[in-house]
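J.: So the protein sequences, as listed, match chains Y and F. The first sequence maps to residues 1 to 230 in the working numbering. The second sequence maps to residues 1 to 168 in the working numbering.
No lab work stands behind these hints: they were computed from the structure. Worth double-checking, as some hints may not be accurate.
Stated by the list, open to error - Derived DSSO-like pairs (lysine-lysine); straight-line CA-CA distance at most 27 Å:
| hint | chain 1 | residue 1 | chain 2 | residue 2 |
| --- | --- | --- | --- | --- |
| 1 | F | Lys108 | Y | Lys139 |
| 2 | Y | Lys211 | Y | Lys83 |
| 3 | Y | Lys114 | Y | Lys11 |
| 4 | F | Lys33 | Y | Lys89 |
| 5 | F | Lys33 | Y | Lys144 |
| 6 | Y | Lys81 | Y | Lys208 |
| 7 | F | Lys82 | Y | Lys82 |
| 8 | Y | Lys208 | F | Lys33 |
| 9 | Y | Lys128 | F | Lys63 |
| 10 | Y | Lys83 | Y | Lys208 |
| 11 | Y | Lys208 | F | Lys82 |
| 12 | Y | Lys10 | Y | Lys89 |
| 13 | Y | Lys83 | F | Lys45 |
| 14 | Y | Lys89 | F | Lys82 |
| 15 | F | Lys33 | F | Lys82 |
| 16 | F | Lys33 | Y | Lys83 |
| 17 | F | Lys63 | F | Lys52 |
| 18 | F | Lys42 | F | Lys52 |
| 19 | F | Lys63 | F | Lys11 |
| 20 | F | Lys82 | F | Lys45 |
| 21 | Y | Lys11 | Y | Lys89 |
| 22 | F | Lys63 | Y | Lys139 |
| 23 | F | Lys82 | Y | Lys81 |
| 24 | F | Lys11 | F | Lys82 |
| 25 | Y | Lys82 | Y | Lys208 |
| 26 | F | Lys108 | F | Lys45 |
| 27 | Y | Lys211 | Y | Lys82 |
| 28 | Y | Lys10 | Y | Lys144 |
| 29 | Y | Lys208 | Y | Lys10 |
| 30 | F | Lys52 | F | Lys11 |
| 31 | Y | Lys139 | Y | Lys114 |
| 32 | Y | Lys128 | F | Lys11 |
| 33 | Y | Lys81 | Y | Lys211 |
| 34 | Y | Lys144 | F | Lys63 |
| 35 | F | Lys33 | Y | Lys81 |
| 36 | Y | Lys11 | Y | Lys208 |
| 37 | F | Lys42 | F | Lys63 |
| 38 | Y | Lys211 | Y | Lys11 |
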Amino acid sequence: MNRRVAKQPKKRSQRVAAWIYEVINPIIEGLERELYFLQSGNATWRYFSQRCEFIRPVQEYVESAQLPNYSDFLVEHPEFKKKFQTHEKSLSALNNSANALYRALLANPQFAEKVSSSIRMYEELRLKEPHTPDLGYIKQDLDKLMAEYLINDISDLPSHYATARFWALTSSDLRAFRNSTDLFDSLRTAESMFAAESQRLISDLEIKRGKFSDTFDLPAARTSDFFLNR
Amino acid sequence: MAPFYASIQPKTLIFDTGPLRELFLFQAVHDYKLSRLGNLLKHVKTRIQFRKLTDYIERFNTKTTTPLVVAEISYWIGEAEKRTPPGAVWAIAFEQFLQMHIDERLIKLLEMPRKVVERFGATDARVLQLGLSMLPERPAILTVERPMLGVCQRHQLEAIHIESVIWN
Numbered sequence: 001m002n003r004r005v006a007k008q009p010k011k012r013s014q015r016v017a018a019w020i021y022e023v024i025n026p027i028i029e030g031l032e033r034e035l036y037f038l039q040s041g042n043a044t045w046r047y048f049s050q051r052c053e054f055i056r057p058v059q060e061y062v063e064s065a066q067l068p069n070y071s072d073f074l075v076e077h078p079e080f081k082k083k084f085q086t087h088e089k090s091l092s093a094l095n096n097s098a099n100a101l102y103r104a105l106l107a108n109p110q111f112a113e114k115v116s117s118s119i120r121m122y123e124e125l126r127l128k129e130p131h132t133p134d135l136g137y138i139k140q141d142l143d144k145l146m147a148e149y150l151i152n153d154i155s156d157l158p159s160h161y162a163t164a165r166f167w168a169l170t171s172s173d174l175r176a177f178r179n180s181t182d183l184f185d186s187l188r189t190a191e192s193m194f195a196a197e198s199q200r201l202i203s204d205l206e207i208k209r210g211k212f213s214d215t216f217d218l219p220a221a222r223t224s225d226f227f228l229n230r
Numbered sequence: 001m002a003p004f005y006a007s008i009q010p011k012t013l014i015f016d017t018g019p020l021r022e023l024f025l026f027q028a029v030h031d032y033k034l035s036r037l038g039n040l041l042k043h044v045k046t047r048i049q050f051r052k053l054t055d056y057i058e059r060f061n062t063k064t065t066t067p068l069v070v071a072e073i074s075y076w077i078g079e080a081e082k083r084t085p086p087g088a089v090w091a092i093a094f095e096q097f098l099q100m101h102i103d104e105r106l107i108k109l110l111e112m113p114r115k116v117v118e119r120f121g122a123t124d125a126r127v128l129q130l131g132l133s134m135l136p137e138r139p140a141i142l143t144v145e146r147p148m149l150g151v152c153q154r155h156q157l158e159a160i161h162i163e164s165v166i167w168n
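The task is simple: from the sequences and hints, build the whole structure.
T.: Set out below in structure tokens:
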């Protein structure tokens, strides 16, 4: 889309309000969510989709009905197109790094043996304590799920999960693989680079929002009476 | 003090749409910070209530529902994902179905009493009929529909409202 020859928007412009409330704020919210997860080392990566499920390209943080406002914002502020592309490159590196680690864990004989011995130990426990949850059909994918928990640095699981008791009993042994620096180093690097990129993008968007607020006399967040009082 | 349902020992839990929706929503809002969905939560508002709900669910060896409940969940997720990254709520739904081993059992329209369908609609009627068809497995229906409780009682079928689980 080409940049239009635009007139300067007026004070309390609806168009600029849409950029703040429907584009910038949801993106900041999504980026803050990324940092929330990454602060605890959780990349939200899932084995069934082979990607980070709650860390997404910037555009996906904008509601689908607001995508025309997103495009309009980028046409008028093309510098953010480049910044968003940098975010997407870092995200791609993070996904690639998690995928590579997943493949490495599944190909690691020590990891396979540790998962198998943990299952044997758990099944013996179930014979003694019949109320111990059945792993059911998860058992066949347990190595994949354990790799996912290690990649996401999961400590506890919700109690109603079939794998909650299994993970509580076996995670201390399995988590030793996280200390195997050669396997996990590249993921940690990708996570910290990505988090730094997200933090930078939040700052840039907050500065832009501040400028809009000052120039167009708009609050940084939607207020209930804003559109009524226009 | 033990929760009031501790003395009741049904073996199979049948999910109606509402409790599954609350379960997915709570995780979406509180664990995955999809805060734009927060105003959709109707029953489970606090971490303690969520814990009571999951503790209750955990007591059952078998969990099941009907494909029509899944269809209702699908419609609702489609609406919710207009406000979230695409596929984010589905990721939660898939994980919950996998981790709770939720099975789906088909109940055909013609297998259901027409009066029940007329009164409750095809989804709730199927949940009820599923319960009746599983009586030897000692089912309990978890629902957010109060009229469902009365109809289940009349059919001597265990049913529990989500509010009874999260407030006791």
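J.: Please go over all the hints and tell whether each is borne out by the structure.
T.: Verification of the hints:
1. Lys108(F) / Lys139(Y): Given that 27 Å is the threshold and the Cα spacing comes to 32 Å, the pair is violated.
2. Lys211(Y) / Lys83(Y): 18 Å, holds
3. Lys114(Y) / Lys11(Y): Cα-Cα ~64 Å, so violated.
4. Lys33(F) / Lys89(Y): Distance ~24 Å between Lys33(F) and Lys89(Y) Cα, so the pair holds.
5. Lys33(F) / Lys144(Y): 25 Å, holds
6. Lys81(Y) / Lys208(Y): Judged against 27 Å, a Cα distance of about 14 Å means the pair holds.
7. Lys82(F) / Lys82(Y): 26 Å, holds
8. Lys208(Y) / Lys33(F): Distance of about 24 Å is within 27 Å: holds.
9. Lys128(Y) / Lys63(F): 24 Å, holds
10. Lys83(Y) / Lys208(Y): 13 Å, holds
11. Lys208(Y) / Lys82(F): 26 Å, holds
12. Lys10(Y) / Lys89(Y): Distance of about 36 Å is beyond 27 Å: violated.
13. Lys83(Y) / Lys45(F): At roughly 37 Å apart (the allowed maximum being 27 Å), Lys45(F) and Lys83(Y) break the hint.
14. Lys89(Y) / Lys82(F): It holds: about 25 Å lies between the C-alpha atoms, which stays within 27 Å.
15. Lys33(F) / Lys82(F): Cα-Cα ~16 Å, so holds.
16. Lys33(F) / Lys83(Y): 24 Å, holds
17. Lys63(F) / Lys52(F): 17 Å, holds
18. Lys42(F) / Lys52(F): OK: Lys42(F) and Lys52(F) at ~16 Å, within 27 Å.
19. Lys63(F) / Lys11(F): Holds: Lys63(F) and Lys11(F) sit about 9 Å apart, inside 27 Å.
20. Lys82(F) / Lys45(F): 22 Å, holds
21. Lys11(Y) / Lys89(Y): 36 Å, violated
22. Lys63(F) / Lys139(Y): 17 Å, holds
23. Lys82(F) / Lys81(Y): 23 Å, holds
24. Lys11(F) / Lys82(F): Measuring from Cα to Cα gives roughly 37 Å; hence the hint is violated.
25. Lys82(Y) / Lys208(Y): Holds, at roughly 15 Å.
26. Lys108(F) / Lys45(F): 35 Å, violated
27. Lys211(Y) / Lys82(Y): Answer holds: Lys211(Y) to Lys82(Y) is near 19 Å, not above 27 Å.
28. Lys10(Y) / Lys144(Y): 55 Å, violated
29. Lys208(Y) / Lys10(Y): 17 Å, holds
30. Lys52(F) / Lys11(F): 18 Å, holds
31. Lys139(Y) / Lys114(Y): Roughly 14 Å between the alpha carbons, so the hint for Lys139(Y) and Lys114(Y) holds.
32. Lys128(Y) / Lys11(F): Measuring from Cα to Cα gives roughly 20 Å; hence the hint holds.
33. Lys81(Y) / Lys211(Y): Judged against 27 Å, a Cα distance of about 18 Å means the pair holds.
34. Lys144(Y) / Lys63(F): 23 Å, holds
35. Lys33(F) / Lys81(Y): 26 Å, holds
36. Lys11(Y) / Lys208(Y): 16 Å, holds
37. Lys42(F) / Lys63(F): The given pair, whose Cα atoms are some 23 Å apart, holds under the 27 Å limit.
38. Lys211(Y) / Lys11(Y): 12 Å, holds
Against the hints set out earlier in the document, violations occur for numbers 1, 3, 12, 13, 21, 24, 26 and 28.
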